[in-house]
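A.B. asks: Can you make the complete structure from the sequences, with help from the hints?
Chains as they are written, first to last, in the numbering used here: chain H, 140 to 566; chain Z, 140 to 566.
Calculated from the structure, these hints are not laboratory results. All figures in this text were calculated on a predicted structure; none of them were measured in a lab.
Among chain H residues calculated to face chain Z with C-beta under 10 Å, some are:
#1 Ile-191
#2 Thr-207
#3 Arg-214
#4 Tyr-475
Note that CB positions come from ideal geometry on N, CA and C, so glycine has one too.
2 protein chains.
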Amino acid sequence: MSLLPTEPYRGTRDFLPREMSVREQVFGSVYRVLERYGYTRYDGPVLEPAEIYEAKSGQEIAHLQLYTLQDRSGRRLALRPEMTPSVARMIAGNAGTISFPARWYCNVNCHRYERPQRGRLREHWQVNADIFGSASLNAEIEIFELVHDLFAALGATRDMYAVRVSDRILLDWVIRSLVGVSADKVRLVSGLIDRWEKYPREVLQREASESGVTEDQFRTLDSALKSGPEIVGQVPAEVLRASPVAQLLSSPESARLFTFDPLIVRGFEYYNSTVFEVFDTDPANRRSLFGGGRYDDLTGLFSRQQIRGIGFAIGDVTLFDFLGTHGLLPGPEPEYEVAVLPTGPGLDDAARRVARVLRDAGLRTATALDGRRIGKQIPRAVKAGARAVVIIGPDDWSAGNVTVRDLATGEQHTVPYQDAARRLARP
Amino acid sequence: MSLLPTEPYRGTRDFLPREMSVREQVFGSVYRVLERYGYTRYDGPVLEPAEIYEAKSGQEIAHLQLYTLQDRSGRRLALRPEMTPSVARMIAGNAGTISFPARWYCNVNCHRYERPQRGRLREHWQVNADIFGSASLNAEIEIFELVHDLFAALGATRDMYAVRVSDRILLDWVIRSLVGVSADKVRLVSGLIDRWEKYPREVLQREASESGVTEDQFRTLDSALKSGPEIVGQVPAEVLRASPVAQLLSSPESARLFTFDPLIVRGFEYYNSTVFEVFDTDPANRRSLFGGGRYDDLTGLFSRQQIRGIGFAIGDVTLFDFLGTHGLLPGPEPEYEVAVLPTGPGLDDAARRVARVLRDAGLRTATALDGRRIGKQIPRAVKAGARAVVIIGPDDWSAGNVTVRDLATGEQHTVPYQDAARRLARP
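C.D. replies: Shown next, in the form of structure tokens:
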């Protein structure tokens, strides 16, 4: 019989224990920060009705990047490509029993059918954090503070990343009133802005002109985007009042939290006001790490009750690239702390009894299952990252004793087995 | 526009924070026990090449219960229905760098296309724990000890469940040599035994006779199965030597760990020796909770190197039913411990400053985002399960003070804000 390949499906990953340990430590830090802010974890299905992605997500995701299938009763299903439509479904379905504002987070695997490349895979894990049911600027401020605290918990300093913020309310005014394109072209122009820094000006201009944007309009747009934060000075007062970001900008505190940048758009259509992206500042990895925003009609697909949301999603692929670039990835944790090594036949029950004492004291303890040669077992324990072994010899054991050896110092002591845990207690 | 339904896809579940908190607590206990034994966590993709399920899993899963799809390059993919083929793929692909014996665990969502019913859903979460690369009986003993320690950690006592064990090596001898059916009927007879307790004797007998099992053979099988553990007395010595379970039975210790039961078969084809199932003993829920076994040719599909495995998988649906039946499900944890409540405009920055002090002290702290009426905010904090609120009034704050109110006793104290965390420290 021919053998099957051992690689995971293209664009997906196996996490062996050494990789999983790193992932768990990084996400563990993220969870701790979120929980300190009062966010509680939720989860949902991988399979969702396909139609929930076709209305509000970016068009690209809905039509090209979706893994779909049909079940035998003819239901069209998709592997979730992102979490927002699922959480909107849950919030709408349970609005009567949820206390708002609600702070929720999750860590879910999402599938997108795209060509695997740096920062993009077909399956990735994504932490989503959102506040539901608050229209307050305090929600924006909390989300930005959270982002900074998350980076700090991961060991990143403020010079390693930049939080760039815009507001679709301002952007909309720029496009419609300042540039003056018709309503049907707003989405097109937003798309141009989204690609503003990635494409040469000529390409953007050609695209604009092909879609009926005049040269004059294009020039106005160009100079508006160039003016950066100063564009806000041209916006009429009633638009500013409607824009959370404009209001935040009027406080001197905002500079501590983010930089205003009219080039930030975000691809997802459900954002309708505050939008932001976090960039790596390292020249080798100058990319958007993740982003988020405010979507005031989160639940519109599912319910007539308007429930607002603001939040963000961090994918593991880009986050781990960032941490790697900046030397912030932790090493894998030891497989176990202590190995119990019986040195002869008939000592297996003894090994289990000793292991139980150590485990009861909270020590992660593995017993040797097969080999009896200490010279082979000790290197295995060292490779596992263990800090000590407990050796059970027949003579010692007949007196109820074991030998505790520190693998770092080589020091060893023969003690009654009940005292082995104490001997191993961290100082 | 018509609204989309808010229910999750049939047979899948949303885990809102209150449900997720219970799930996290239960699985947290499971992880702690596994880690005490030196098991390290791994993970893998939801999507796998469909062919890895078609060779070794039970036929039912491969042909009827698989969710499959095809990607645009024509690859046939399946949503993993179980983890064993994936982990076999990983072990085979990384055998050169893994130190054996290796103790691995995971918690993964698996999909099976079946009619949703009690204990069976289309998506469930499953903890797998396995030892790879050990042929020793110590591996069997460890797995059984682990099972008992897991139940103990979840609050279950020994009377609530039963561990029933058989060995396919013994079963095979019974079927081939004692009953004397031909090789091509072994699988059929195993299947009969697997359903022995679920179907009336006449149904089984008719099925057997239709497949060419004689009445005489059926009677021999019936009496062999009835004899229970005593069947071992009839097995020849060389078969007993090959059977881990027979060897374990010769130790008086085994009774502490499990009961021998020749009716245990397990559906998966990859098991080739020790097999076991854990049953709920409650008359209301007398079902198999989970099971496992030894598969000595785990990696055969992927590699010519033989690597043995022994382990088990616990699904969340049956486990949570068990815990519910026995009153062992924990309640949800509080959303947060402390709420910070500014009582007037202009105190939001103060609330954030106070919240930071509390979070730095390790307290899960939420600030009120919108409302300013204490009479509305306090019930929200109570509903969240908070044990205290910190109230910020304009007069107090002008002196740098806040009021800490214990929600259980109603007691309150006005203190300098830097002391709020100390005031809230658990005794």
